[in-house]
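Asks: Sequence:
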Amino acid sequence: MRKYWVTIVRGLTDLLYAVVRRAPQGFLFALLLLVGCQTLVEKAPPHFSKDKISSGYIFNRLQTRANKIHSVKSFARTIFIGKEFKQSFRQTLIIKESHSIRVDTYGLFGQAMGVFISDAGDMQFLDPAKGRLYSGSDVKNLLRKLLGTQIDFRQHLRIFMGHIPNFEFLKVEKSRLTSDQTQYILLAKDLKRSGEVRLHIDALTLLPLEMTRIEMGQKRYFVQWQDYEKIGSIDWPHLITLEFPAKQEIIRIKYKDPALNGKISKNTFQLMPTASTK
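By our numbering, the letter at position 76 of the sequence shown is numbered 68, and the numbering carries on one by one without gaps.
It should be emphasised that the hints constitute simulated quantities derived from the structure, not laboratory data. One or more hints might be untrue.
What the hints assert, rightly or not - With a straight-line Cα cutoff of 27 Å, these simulated DSSO-like cross-link-like pairs (lysine-lysine) come out:
#1 LYS258 with LYS65
#2 LYS122 with LYS132
#3 LYS132 with LYS258
Using the sequences provided together with the hints, build the complete structure.
Replies: Written out as structure tokens, the structure is:
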């Protein structure tokens, strides 16, 4: 990868010299490009100075980035797609430390439609129209009825934090750089749960792009992290897609104005029954 980068810079430099020799009036243009090239080199990622990087180095970079993200608050447009349905919701999401999530869902005119909370595996759902609080298995059944699908938050919540489920239990068995040198593809074994994980990592930024979980030779689920933008010093994916091929179901979240690592009230993941509890 380093050789690929150096080749680009040398090519641009040769072009600048040719411009200077042929046209003096092009000197300023060449100078500006040269400054741009110098800036480009200065901003080259640290791993570009290496002739070869290991899968361990990539995993360390992924873990270092994940350790910087503790929570996210954001407006969102969430789309659920199935074989016979497609639904879109305006929501606010609050996720903390990959184990707690609160989702407030709003109707077309901004009216509250429901509040869902999953905190360390305990689930609650508040139906404001009925003034009823659901908990436990009733929440799973209700979500399946309302959304047409359900999520294993204990496994999948990390995905919506821009990270990889069971990451600490993955052992890389194979890795390669794509022929166009834009992505690293890593095949890992999950030491905690049976199955394999295939990861696509951006070769320039070392950010996760895609993940496929394979169990018994079949794709269990597929993930895409897209539209990365800087929030402070952290690269955050503003579009996340979780797909279940066997069920032909897709969950797509488009973040809007996300805030990372903000203060979260202790009561955020607690719901008090307003009328009756089921």
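Asks: Indicate, hint by hint, whether the structure satisfies it.
Replies: To see whether the hints hold, each was checked on the structure:
1. A threshold of 27 Å between alpha carbons decides the hint, and for LYS258 with LYS65 the separation of about 15 Å falls inside it, so the pair holds.
2. Under the criterion of a C-alpha separation no larger than 27 Å, the hint pairing LYS122 with LYS132 is consistent with the structure, at around 18 Å.
3. Distance hint between LYS132 and LYS258 is fulfilled; the C-alpha atoms sit about 24 Å from each other, no more than 27 Å.
Hint compliance for this structure: no hint is broken.
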